[in-house]
Structures are given as structure tokens and as C-alpha cells.
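Peer 1: Next come the chains, spelled out residue by residue.
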Amino acid sequence: MAGPEFEVPTLTEYTEVPKVKEGAMAHMKSFIAAETSQSYLGYPHALPADWKERVIDRMGQVLEKFRSVRVFMDACVHCGACTDKCHYFLGTGDPNNMPVARQELMRKIYRRYFTLPGKIAPWLVGAEDLTQDTLNSWYNYYHQCSECRRCSVFCPYGIDTAEITMAGREILNYVGIGQKYSSEILVKVQKIGNNLGLPGPALEDTLLGLEEDIEADTGVPVKMPLDVEGAEILLVTPSADFFSEPHVESLIGYAKVFHAAGASWTLSSKASEAGNFGLFNGNYETMRKVAMRIRDAALELGVKRIIVGECGHAWRVAYAYWNTLTGLGYGGNDPFSIELQKQLDPRYPQPQHICEYTWDLIQQGVLKFDKSANDDRVITFHDSCNVARGSRMGNEPGGQFAIPRHIIMAVANNFHDMAPETIGETTFCCGGGGGMLTDDLIEARVKGALPRMNAYNQVVQKQGVNFLALICAICKAQFTKVLPYYGFDRNMVGGVHQLVSTAIKLD
Amino acid sequence: MTSLTVFYTGLFYFAALVLIGGVAYRIYEYSRTPAPLKIPTTPAPTTNAGVALRMAREVVLFESLFKSNKWIWLFGWLFHVGLALVLLRHVRYFQEPVWFWVEFIQPFGKYASFAMVAGLAGLWARRFLVDRVRYISTPSDHLILALLIGIGLSGMMMTFVSHTDIVALKAFVLGLVTFDFHPMPADAVLMAHLLLVALLMIIFPISKLLHAPGIFFSPTRNQADNPREHRHIAPWAAALERDKA
Numbered sequence: 000m001a002g003p004e005f006e007v008p009t010l011t012e013y014t015e016v017p018k019v020k021e022g023a024m025a026h027m028k029s030f031i032a033a034e035t036s037q038s039y040l041g042y043p044h045a046l047p048a049d050w051k052e053r054v055i056d057r058m059g060q061v062l063e064k065f066r067s068v069r070v071f072m073d074a075c076v077h078c079g080a081c082t083d084k085c086h087y088f089l090g091t092g093d094p095n096n097m098p099v100a101r102q103e104l105m106r107k108i109y110r111r112y113f114t115l116p117g118k119i120a121p122w123l124v125g126a127e128d129l130t131q132d133t134l135n136s137w138y139n140y141y142h143q144c145s146e147c148r149r150c151s152v153f154c155p156y157g158i159d160t161a162e163i164t165m166a167g168r169e170i171l172n173y174v175g176i177g178q179k180y181s182s183e184i185l186v187k188v189q190k191i192g193n194n195l196g197l198p199g200p201a202l203e204d205t206l207l208g209l210e211e212d213i214e215a216d217t218g219v220p221v222k223m224p225l226d227v228e229g230a231e232i233l234l235v236t237p238s239a240d241f242f243s244e245p246h247v248e249s250l251i252g253y254a255k256v257f258h259a260a261g262a263s264w265t266l267s268s269k270a271s272e273a274g275n276f277g278l279f280n281g282n283y284e285t286m287r288k289v290a291m292r293i294r295d296a297a298l299e300l301g302v303k304r305i306i307v308g309e310c311g312h313a314w315r316v317a318y319a320y321w322n323t324l325t326g327l328g329y330g331g332n333d334p335f336s337i338e339l340q341k342q343l344d345p346r347y348p349q350p351q352h353i354c355e356y357t358w359d360l361i362q363q364g365v366l367k368f369d370k371s372a373n374d375d376r377v378i379t380f381h382d383s384c385n386v387a388r389g390s391r392m393g394n395e396p397g398g399q400f401a402i403p404r405h406i407i408m409a410v411a412n413n414f415h416d417m418a419p420e421t422i423g424e425t426t427f428c429c430g431g432g433g434g435m436l437t438d439d440l441i442e443a444r445v446k447g448a449l450p451r452m453n454a455y456n457q458v459v460q461k462q463g464v465n466f467l468a469l470i471c472a473i474c475k476a477q478f479t480k481v482l483p484y485y486g487f488d489r490n491m492v493g494g495v496h497q498l499v500s501t502a503i504k505l506d
Numbered sequence: 000m001t002s003l004t005v006f007y008t009g010l011f012y013f014a015a016l017v018l019i020g021g022v023a024y025r026i027y028e029y030s031r032t033p034a035p036l037k038i039p040t041t042p043a044p045t046t047n048a049g050v051a052l053r054m055a056r057e058v059v060l061f062e063s064l065f066k067s068n069k070w071i072w073l074f075g076w077l078f079h080v081g082l083a084l085v086l087l088r089h090v091r092y093f094q095e096p097v098w099f100w101v102e103f104i105q106p107f108g109k110y111a112s113f114a115m116v117a118g119l120a121g122l123w124a125r126r127f128l129v130d131r132v133r134y135i136s137t138p139s140d141h142l143i144l145a146l147l148i149g150i151g152l153s154g155m156m157m158t159f160v161s162h163t164d165i166v167a168l169k170a171f172v173l174g175l176v177t178f179d180f181h182p183m184p185a186d187a188v189l190m191a192h193l194l195l196v197a198l199l200m201i202i203f204p205i206s207k208l209l210h211a212p213g214i215f216f217s218p219t220r221n222q223a224d225n226p227r228e229h230r231h232i233a234p235w236a237a238a239l240e241r242d243k244a
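These protein sequence lines map, in sequence, to chains A and B.
Take the first sequence: its letters are residues 0 to 506, numbered as in numbering that gives the first Met the number 0.
Take the second sequence: its letters are residues 0 to 244, numbered as in numbering that gives the first Met the number 0.
Pulled out of the complex, with its shape left as it was, chain B reads as follows (with noise of 0.2 Å):
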């Protein structure tokens, strides 16, 4: 193996290990975390079938930032849904044979790479025309947007302008998968395309990138409104009642 094929390779192993970890150590971090009382934004659902319905229109369309900004809301969910298309497109590169679904998303998601892009260059703007938004803006919000736009202009290079060797590139990719090594292709724009998305694999569990596993466990958004018919206790909280009483 080439040193570039070790060095991508352990890369990788590394960015998986620690997104994976990290994130996982996180999730059960929040869901240790209890929530001693009941502060769902009102008006809020009764029902946990309720509260689901109410989690997915926050996550799938925005509903919250959508009732606040409507340009934040335009620019963010192009963003998240151009993303998402990209990502799904990518399990090719994953599988062999490849899916009908994966298959039948391909051109949609190689021009959702446009809107990924476009919501990223909208959000960055607002960081420097809006006082508010710049006032409140670090340096890492300007850097993570700026490693996002890195690696979608970098994928939209190899899909529109100077194709990579694919065949060799996905070799080396289910050769992650199954433990069986390929060569990585020494293409420039796939090495700064790959090094970019295992940096962003690496700093989603110690940044804010943990928005995605944090809404699921807000307390204002994921607790039915039912505090008059079912007794809600944590645990320190019902010690705390044995002790007094």
C-alpha cells in the first residue's frame, strides 16, 4: 500500500471511530441528563403520537425557524435538504450492487449539491450583512461554514468539471468497508474533498454540529403537555421528596 492509502485509510477508520463514539457518548450523556420538570413550549401536544408528529415537522421542515425567519428558514432548510440528498447519493459508493433507490436519486442528488451550496453561501452572508447575526458569529461558525462549502464545491468539481477515477475511488471505499484494501487515488480534488469530510466527522461531536442529536432531546419540544393527568419525577428529584418526607 502507498502511504496515501494508509494515511486515508487510517484517516478514516479514526474520523468513523470518533464521529461514531462521540456521538453515541453524547446521546447517552443527554438522555442520563433528566429533565426534573415539565417545560414543553405551549401551546404544545397531549400525546406522545403528538409529540412525534411535532418533532418531525421541527426536523423535516423547520417549523420553529420557519415562524421566526423566513430568509434563515429559506437558507437553512436548502442547506439541510440539499445535504441530504448529496449524503444519500453517496451510499453508492458504499454497496455493490447498488440499491434501486440509490440508483433512482443520483441526479437529484448531484444537482442538490446547487442548493447545499447556495444555503451555505446565504448563511455565510448573513454572518457578515446582518449586525445581529455578525455580532453573535465566532470564528468556528465561520469555519465550519467555510469547511462545508469546501467540501461541497470540491464534490461538485469531480461531478462537473474534472471527473475522478470513480471506479478506483469506490474500490477504495468498500475496501474500508470489508476489510479488503484498495489504492487511493491520487486525485488532488478527492484528497482535499475526503480530508475535509473526515475533519467534519472528527469535530461533530465537540461542536455545535450536535444540534442534530441535541433537538431530539429538548425538553421544550420532545415533552407532551400533560402535567395535570401524569406525574412527572426524576429520580433526584423523587430522592429528594423520600428524604423530606
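The following block holds chain A by itself, in its conformation from the complex (with noise of 0.2 Å):
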């Protein structure tokens, strides 16, 4: 790793509120998508004659179209309860990374152009005719959103910024601004199938070298199969599960546990995918087509049930919107759900977590453990943004946060849990999220990550945590990168159904 172009930020026992410093991070721009990319998607690739009046109707529509848009940018009063919640704002103390000023960027255009005071008197209420600076600031300060919604657990009016980055996103792909990493993963996920633009036969082979080495581990002919019509179940999963390190791990986890509990499974080369990078621009349409790969392929495999591997975002879409998007689920009385509907099987809810099934599994004694086979770790678990405060798991709200760590002290020997205000429904954001994994932004990555990796480095001081404990594909493709600038081993970092792997007892 080359050295850091920026200072990394010093780790102290809590993280403490930093003054606001104008334009820290004014310099941070992710690249620009290409033509190739945009057009694809349908968009623009550079900024059209037209451009203000395009962006004034654009706005003018999400604001006919989502509820959210329309009354957050009304409602908010300026009281400051949000200002210091976001991570990108605790660790760079710019204040454009205040979620209220976040918001403020395209509230200021809203007053101008669509109230009374904003039109005869600007200057009294803070609106801005709309100019390229308000698009750079927008493109800057909106790629500096993870789409956490971490704000919006302490807005007294529930405002959530992620609804407006996502609105500010879309506005600018429509003028042609759109950000090259998720834009072509996009593409990628279409065209190809899955994120990583991994096509179908590279998937066999990578699927039959981890049988083998399941078989040359274990002894046990683990399989992972692919395609099989008349499976009983599907399971979608982020692709970064077939070919990235930690992630793999927890896929051989998922595939031990179908196999002791004897299930029929099956993954898709289609639905070789679960996130929906459609989440993080705001875009109904290119959201939907990205999830209709499952149901097409939930229909031609007539699958029964439906399970989700351990992605943040993806279980957000999967669990919030899916039933939306594509009738994966119930309670639909149209033609197009309950043609997918009839062919579920109603024991479950649709689509389930991977965590659900394999708790439920555990519960009813299914799964058998040697817990001590991961007593040389000593774990603790980060609550993913997504899963957190977007979805649920089981039928008790707060599920989300109970079974994942029911998995693993049913797992293992070992587990303590950080800072109370730094999980649950108040948990950190990784810092990678809402389609920041790229490169280009790793200063921003590094800093939004300070206060969880504040948190982490506090369970690893005082009660020797060596394992951090994940369900989200971003999650851990972020901290394995970002935990070394922080002076901590990469390798900390892991799949809760990694130790599920480990400790699993196979016949």
C-alpha cells in the first residue's frame, strides 16, 4: 500500500465532535462516468445545453413522485440534532457533510425554484439560483453519503439524507453527471449478471474449486450447485461471495449449512447477484429491472423460497422492496405477484435472510456446532447500516440486531459487544456504502470510518477483540482495506457464517 495522500485520523476512546472546517473536503470527487456507461442507463453523458431546465424538471418530478423528497425538503427546521451524527462529518469536519447541510445543497435550489419566499426573497430564507457550482457541490458532497440513514434515527421529523442524495444523484445522471463506479457496475450487473461482471461459466468453475477444497478440507462432499431447475431453494448472494476474500468464506458457510440440514438449494448464473446499486441513485425504474433478474430467475429454476446472503444494501432491497418491485413476497392481488406468490411456499416470509434461516435452524436443532473450534477468536459485530435501520430479520422488530448475534454465540465461545451507541440502531457506517467503494474516494472511506474503527479499537484494547464480525459484502471489502490505516490487520475481518463455517459439524 502507498502511502496516504491525506492524514489519517488519530483513534481516541470516543469520538468527539469536531469544529466545523469549510471546504475540508471540497477537493473529493469521484470520476465522472463515461459515455458508454450513461447511455447505457439511459442517461446523458455530458452536461446537455439545456441543462437548468432540465435538472428544475427532473426535481420538479421526484417531487410529484416520492413523498419523502417532497416533505422533507418542507419540514426541516435547521435544529441541528443531525449535525453531528454522520461519520463523513466526525471524521472530516466539513460541514457540507452535515446531513442537514447535506441537504440544504439542493434545499437552497428547492426555495429558489419551487416556493414563494425562496422566488421574491432569496437572500432571507437561503435560496440559490441554481449554477455548475451548485452541480459540483452536489456531485461532490452526494458521493460523500453512504445513504446510512443514520440521520434520520434522530430528526425529530424522521428526515432520512439518503432520500435526497439518492433525488441528487438521479438529477444528475439525468444531466449527464453520473459516478463512473456504480454507473458501470450497473451496467455490468445487467449486462453480465452480477457486480463484478463475472460471466456464467467462470462462476461453474469457481464454484467446483470451492467444492473441492471443501472435500479436501472437511472430507465432506459439500456441493454448490448452479442452475438446477426444480431446486427448493434459491439462494441470491452478493457476487463479491464467489471471488473475494473474506467474503467466500461465509459462502462455504451458507453451503455447509444447506448441506447438514439436507436442503435442495440451488444459485443462479442469472441472479448471480444480490445488490442493487439502483438503491443508491434513486432510480425506480433501473432499481426494478435490477431486481427482476430474481424474480425471473425465482420462476424459471421454480424455486420455493428465496434466501439472501449476507449484503447490507442488497437486504435492504430484498426484505423493503422487492415485494414492490417485483411481487417477491406476499399479499399482492394482481396477476404479476400471484404468479410468483403461488409458487412460494407460504411456511416462510419471501424473500428470508441467510441468518434467519440458519438461526431458525439452529433453534429447531438442526445444526450441530464445536464452538470451540473459534475459541481462538474473540469476536464482536458490526451492525450494518442497511440492515440496521432499512430491514428486519425474524418478526420482532430489532430482529435484525438479535439473530445475528444469536448465530454467533451459538458459534462461538467469545463475543463482546462495542459501544452502545455505536450499534444497533444507532451503528457507524463502515464508510464504504451507498456506492463509495471505489478507489477514488479512499479519503473519505478512511475518515467516515473513524468513528466505528474509535469503537473497534476500544473492544480491541480492553477485551483483546481479534474478529470483526460482518454481514454485509461492502462491509467487508471496506474494513479490509481501511483497518491498515488505522494500524490494525486486515485479516480481522470476517463473515458471521465464516464462524458459523468453522465451528459447523458436518456428517
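Errors might be hidden in some of the hints.
Each pair of labels, with its calculated beta carbon distance range [what the hints assert, rightly or not]:
hint, chain 1, residue 1, chain 2, residue 2, range
1, B, 55, A, 345, 30 to 40 Å
2, A, 418, B, 215, 32 to 42 Å
3, B, 49, A, 34, 43 to 53 Å
4, A, 415, B, 55, 33 to 43 Å
5, A, 342, B, 16, 50 to 60 Å
6, B, 49, A, 28, 35 to 45 Å
7, A, 5, B, 234, 43 to 53 Å
8, B, 49, A, 63, 28 to 38 Å
9, B, 234, A, 28, 30 to 40 Å
10, A, 12, B, 87, 45 to 55 Å
11, A, 28, B, 109, 49 to 59 Å
12, B, 159, A, 22, 42 to 52 Å
13, B, 6, A, 63, 37 to 47 Å
14, B, 138, A, 342, 52 to 62 Å
If we take Cβ atoms under 10 Å as the criterion, some of the chain A residues that face chain B in the derived model are [said to hold, decoys possible]:
hint, residue
15, 70
16, 80
17, 388
Below, simulated PhoX-like cross-link-like pairs (lysine-lysine); rule was C-alpha separation at most 25 Å, straight line [claimed, not checked]:
hint, chain 1, residue 1, chain 2, residue 2
18, A, 222, A, 367
19, B, 207, A, 64
20, B, 69, A, 18
21, B, 207, A, 118
22, A, 18, B, 66
Simulated from the structure, these hints should not be mistaken for lab results.
Even glycine gets a Cβ: it sits at the ideal position worked out from N, Cα and C.
With the hints in hand, could you dock these two chains into one complex?
Peer 2: As C-alpha cells, then:
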């Protein structure tokens, strides 16, 4: 690793609220998307001559279509409750990384063009004319938001900056200013089937290789079936699980769980990606297109259950949106949703998280573990933002916090939580979510990880923690990259099902 | 009628029209804009009864704000509860005879004005003292606080320092309600108080005061967490589905 070109923050016992440092991150600019990916997604690739009209036009459409944005534009009173809640502000001190200020970048324009006081007395209410500088600031700061929703927990009106960031990115795309990283991923997932751009045959080879590895390791022929028609369960998992470390260790864990349960399951080459970057860019249609691959695969394979692997934003989209976008769930009374519903097994929630599945089996006594196999590990668990604040597991609110911890404690002996204000619903984002997991944003990623690193450092120092358990592909990649900046070993990172994999007893 | 009476009569009809019409229009706008996706901030209640309870805690106790910052919560809650009691106390000017409970809360409403102004002062102080809040404050943020404090102090003047002719005032107000007009008392403090109140009513539907109706429409707070059990789809999204199918 080359030395960083920025100052890595120093770890402290508690994360202190920094003084406002105007412009501290104004230089942070993600690479802009090129023509190929932009035109595939139906956007221009350069600023059109009528860009001003297009911005206002798109903003008007967003205000018509999304109640969240409309209400959030009006409701903020600038009370300051959110100002010290964003990890990017805490790590950088840049005031535009305070959630309210990030929203104001758009609200200034909203007021000027959509409200009476902004039209007649802009100076009074903080309204501003739309200029190219506006677009530049949107681009900079809407790509320094990981859409983690931590601010929305604390806002007295529930204003969710993620909704504003998504709208901002959509409007930017609409005038040709897309982000290279997210744009290209959205093309790959639609053209090839997954975010990594991994074609079917390569996937098949990988899975065969993994099967051999597991058998060599355990002596048990654990299978990783692909495109098996008539299988009971379709596993949809982030494509990083097929190729990246430590992600693949969790994939092995899922396979072992299915094996031990004697389940009939399959992966799909068409739905070889649980992630849906459509979420990050606020374009409903794109998000729907990407999600439809899962529905199509489920119908083609005739599966009865759909289970989602360890991925934070994917689980949010799956849990909260799949039913809306693709009819994958219950309660639909239109032909479109009934077609899929009648195929699904009504005894189970659809879709189901792999942690829900594994925990059910543990409770039924189906899985057996040798907990001492994990004794070299002292574990803590990081609640991923999208799982924590955008979804649920199990039947009770908060199950998304309880179930992964129950699993860890069922398969390992040493577990310690981080400080309570940094986990659960107030968990800090890893710093790399929401379309920010790209090297051109590394400074924001490292600095944004500060609050999590501070809390982690405390349990490392005091409880001797040496394993950061995760249930998100982005968290895994982000921490693997960022831990060394703070002086930790990158191998401290792993998945919850990696722990399951270590301890599970196979016959 | 004196020109003073004509002016204040006209002003209050205008202000009431703007307030009611404006807020009604906003509510119409919020309610007709669909929320296409399930976005409750979780953990969230799974039933509508649970949502009602969450919303009640939010509106009455300012639950989220309490989680966030105890100072803002304290000042904000003092101000809002103080204002609520003061407003309820004012019901007596609009009715004859006066309801029992309105009679009962008179002393509480009187002293609640101190809580109201103290809360406002605390909130205003934060706009100068906390660098983050200073950064996000606009001129209108300061002016709205000044307006509310002006309303509070002018009202307190009449309650605690120099009493206005309350009988004449009540006749004027009842006259507005029953269209049986009576003269507006020519008291400088009262005139200032009522002018500021009318101004507040007029700016309500075009300012951040819209947070009051807005919170009830906030999807992160008013949605039940049940997306796997109920298919939630907006009309424009359903149309999209039919076109693509």
C-alpha cells in the first residue's frame, strides 16, 4: 500500500465532535462516468445545453413522485439534531457533511424555484440560483454520503438524508453527471448478471473449485449447485462472495449449512448478484430492472424459497422493496404478483435472510457445532447500516440485531459488543457503502470509518477482540481496505457465516 | 368602525384564510404525493396501531430528538409545551360561556409563557453558540425565533405588567367569530401582539413551520414495517408495471 496522501485521523476513546472546517472535503471528487455506461442507463454523458431546465424539470418530477423528498424539503427547521451524527462529518469536520447541510445543497434550489419566499426573497430564506457550482457541490457531497440513514434516527421529523442523496444523484445523472463506479456496476449487473462482471462459465468453475476445497478440507462432499431447476431454495448472494476474501468464507458457510440441513438449493447464474446499486442512485426503474432478474430466475428455476446472503443494501432492497418492485413476497392481489406467490412456500417469509434461515435451524437443533473451533477468535459484531435501519430479521422489530448475535454466540465462545451508542439502530456505517466503495473516494472512506474504528479499537484494547464479524459484502471489502490505515490487521475481518463454517459439524 | 378596527378585522380574516387555506393545500399536496417504497426507519412497528403510537411519542414527547441531543430536546419541548398551553388558554377569547377545562388551565397557561420564551431563548442561543448550528442558520431562522419571542413577550406584558382591556378585546374577538363587529382596543402592546400573531399565521404555510403537518406525512415515521407481508405499490409504479408486463 502506497502511503496515503491525506492525514489519517488519530483514534480516540470516544469520537469527538470536530469543529467546523469549511471546505475540508471540497476536493473530494469521484470519477465521472463515461459515455458507454451513461447511455446504456439512458442518461446523457455530458452537460446538455438545456441543463438548467432539465435539473428543475427532474427535481419537479421527483417532488411529484416521492413523498419523502417533498415532505423533507419543507419540514426541516435547522434544529441541529443531525449535525453531529454523520460519520463523514465526524471524520472530516466538513460542514457540508452534516446531514442538514447536505440536504440544504438541494433545499437552496428547491426554495428558489419551487417556493414563494425563495422566489421573492432568496437572501432571507437561504435560497440560491442554480449554477454549475451547485452541480459541482452536489456531485462532491452526494458522493460523500453512504445513505446509511443514521441521521434519520435522530431527526425529530424522520428526515432521511439518503432520500435526498438518491434524488441528487438521479438529477445529476439526468444532466449527464454520473459516477463512474456505480454507473459501470449497474451496466455489468444488467449485461452480465452481477456487479463483478463474472460470466456464467467462470462462476461454474469457481463453484467447482470451492467444492473441491471444502471436500479436501473436511472430507465431506458439500455441493454448490448452480442453475438447478426444481431446487427448493434459490440462494441470491453478493457476487463478491464468489471471488473476494473474506467473503468467500461465508459462501462456504452457507453451503455447509444447506448441506447439514439436507436442503435442496441452488445458485443462479442469472441472479448471481444480490446487490442492487439502483438503490443508491434513486432511479426506481433501474432498481426495478435489476431486481427483476431475481424474479425471473425464481420463476425459471421453479424454486419455493428465496434466501439472501450476507449483504447489507441487498437485504434492504430484498426485504423492503422486492415485494413492491417484483411481487416477490406476499399480499399482492394482481396477476403479476400472484404468478410468483403461488409458486412460493407460504410457510416461510419471502425473501428470507441467510441468518434467519440458519438461526431457525439452530433453534430446531438441526445444526451441531464445535464452538471451541472458534476459540482463537475474540469476536465483535458490526451492525451494517442498511440491515440495521432499513430492514428486519425475524418476527420482532430489532430481530436484525438479535439474530446475528444469537448465531455468533451459538457457534463461538468469545463475544463482546462495541459501545452501545455505536451499534444497533445507532450503528455507524463502515464508511464505504452507498456507492462509495471505490478507490477514488478512499480519503472519505478512511475518514468516514473513524467513529467505527474508535469503537472497534476500544474492544480490541480492552477485551482483546481480534475478529470483526460482518453480514455485508461492502462492509467486508471496506474494512479489509481501511483497517490497515488505522494500524489493524486486515485479516481481522470476516463474515458471520465464516464463524458458522468454522464451527459446524458435518457428517 | 375606526380604521384601526377595520385594519385588524381585515388582517385577521386574511391571516386565517392564508393559514387554513395554505396548510390545507400543503396537506393535500403531501397526501396526494405517493410514497412508492417502504422506507420506515427500522426498528419500526409492524402494525398500524404501533405506527400511531410511534407517531404519538414523536409528536408529544419528541422521542427522536431526545435520542439526539438533550439540550435541543429540552428547549424545543419547553417551547412547544409552553406554546400549547398558552394557545389553549386563549380559547377563552373565542367563547362565551367559557368551557370548564379552559377555565381550569388559565393559571397553567399564564405561567407556561415563561417556559415558552425560555425555550425559544435557549434555541436562539444555540444558533450563536454552537458552530455547527451557526453554520446552518439562515436569516429566516433568526427572524422566526424573534417573531415568536416577540409574540410571547408582548403577551406576557399584558398578562403580568400592564393589563389590556380584556373585556373589550374579547368583544372584538367574539365579533370576528360571530360577524358582529366590535371595536379593536387601541392598546399599543395589544396591537403589536396581534400584528405579530397575524404575521405568524400568514408565513405558516410557506415556511419551515410546515414541520407541524409535515411530520405526520414523514414516510420514515408513518409506515409500518411489513413489506414482506403486504405489497406496497404506488399508482405510478403500478402503471409502470402494467406497461412493462
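Peer 1: All hints, please: hold or fail.
Peer 2: Structure-based check of all given hints:
Between residue 55 of chain B and residue 345 of chain A the beta carbon distance is about 34 Å. The supplied range of 30 to 40 Å therefore holds. Take residue 418 of chain A and residue 215 of chain B: their Cβ atoms lie about 34 Å apart, and the range 32 to 42 Å holds. Distance hint for residue 49 of chain B and residue 34 of chain A: a CB-CB separation of about 49 Å, consistent with the stated range 43 to 53 Å. The hint said 33 to 43 Å for the Cβ distance between residue 415 of chain A and residue 55 of chain B, and at roughly 37 Å that hint holds.
In this structure the hint that residue 342 of chain A and residue 16 of chain B lie 50 to 60 Å apart at CB holds, the actual value being about 57 Å. A hinted range of 35 to 45 Å holds for the C-beta pair residue 49 of chain B and residue 28 of chain A, which are about 43 Å apart. Range check, residue 5 of chain A to residue 234 of chain B: about 48 Å between beta-carbon atoms, so the 43 to 53 Å window is met. Checked against the given bound of 28 to 38 Å, the beta carbons of residue 49 of chain B and residue 63 of chain A, roughly 30 Å apart, stay inside it.
Checking the proposed 30 to 40 Å range against residue 234 of chain B and residue 28 of chain A shows it holds: the Cβ atoms sit about 38 Å from each other. At roughly 47 Å, the beta-carbon separation of residue 12 of chain A and residue 87 of chain B lies within the given 45 to 55 Å, and the hint holds. At roughly 58 Å, the beta-carbon separation of residue 28 of chain A and residue 109 of chain B lies within the given 49 to 59 Å, and the hint holds. Checked against the hint of 42 to 52 Å, the C-beta distance between residue 159 of chain B and residue 22 of chain A comes to roughly 49 Å, which is consistent with it.
For residue 6 of chain B paired with residue 63 of chain A, a C-beta distance near 40 Å keeps the hint of 37 to 47 Å intact. Between residue 138 of chain B and residue 342 of chain A the beta carbon distance is about 60 Å. The supplied range of 52 to 62 Å therefore holds. Satisfaction of the interface hint for residue 70 of chain A is found here, the shortest Cβ-Cβ separation to chain B being roughly 5 Å, below the 10 Å cut-off. Checking residue 80 of chain A against chain B: minimum C-beta separation of about 4 Å stays under 10 Å; hint holds.
Restraint check, residue 388 of chain A versus chain B: the minimum CB separation of about 6 Å is within 10 Å; hint holds. Proximity of residue 222 of chain A to residue 367 of chain A is assessed by CA-CA distance (about 19 Å); at most 25 Å being required, the pair is judged to hold. The straight-line distance between the Cα atoms of residue 207 of chain B and residue 64 of chain A is roughly 21 Å, inside the 25 Å bound, and the hint therefore holds. Between residue 69 of chain B and residue 18 of chain A the CA atoms are separated by roughly 20 Å; this keeps the pair inside 25 Å, and the hint holds.
As the CA atoms of residue 207 of chain B and residue 118 of chain A are separated by approximately 15 Å, the hinted pair is consistent with the 25 Å bound. In summary, the hint linking residue 18 of chain A to residue 66 of chain B is supported, as the alpha carbons are separated by about 22 Å, within the 25 Å threshold.
Consistency note: the structure conflicts with none of the earlier hints.
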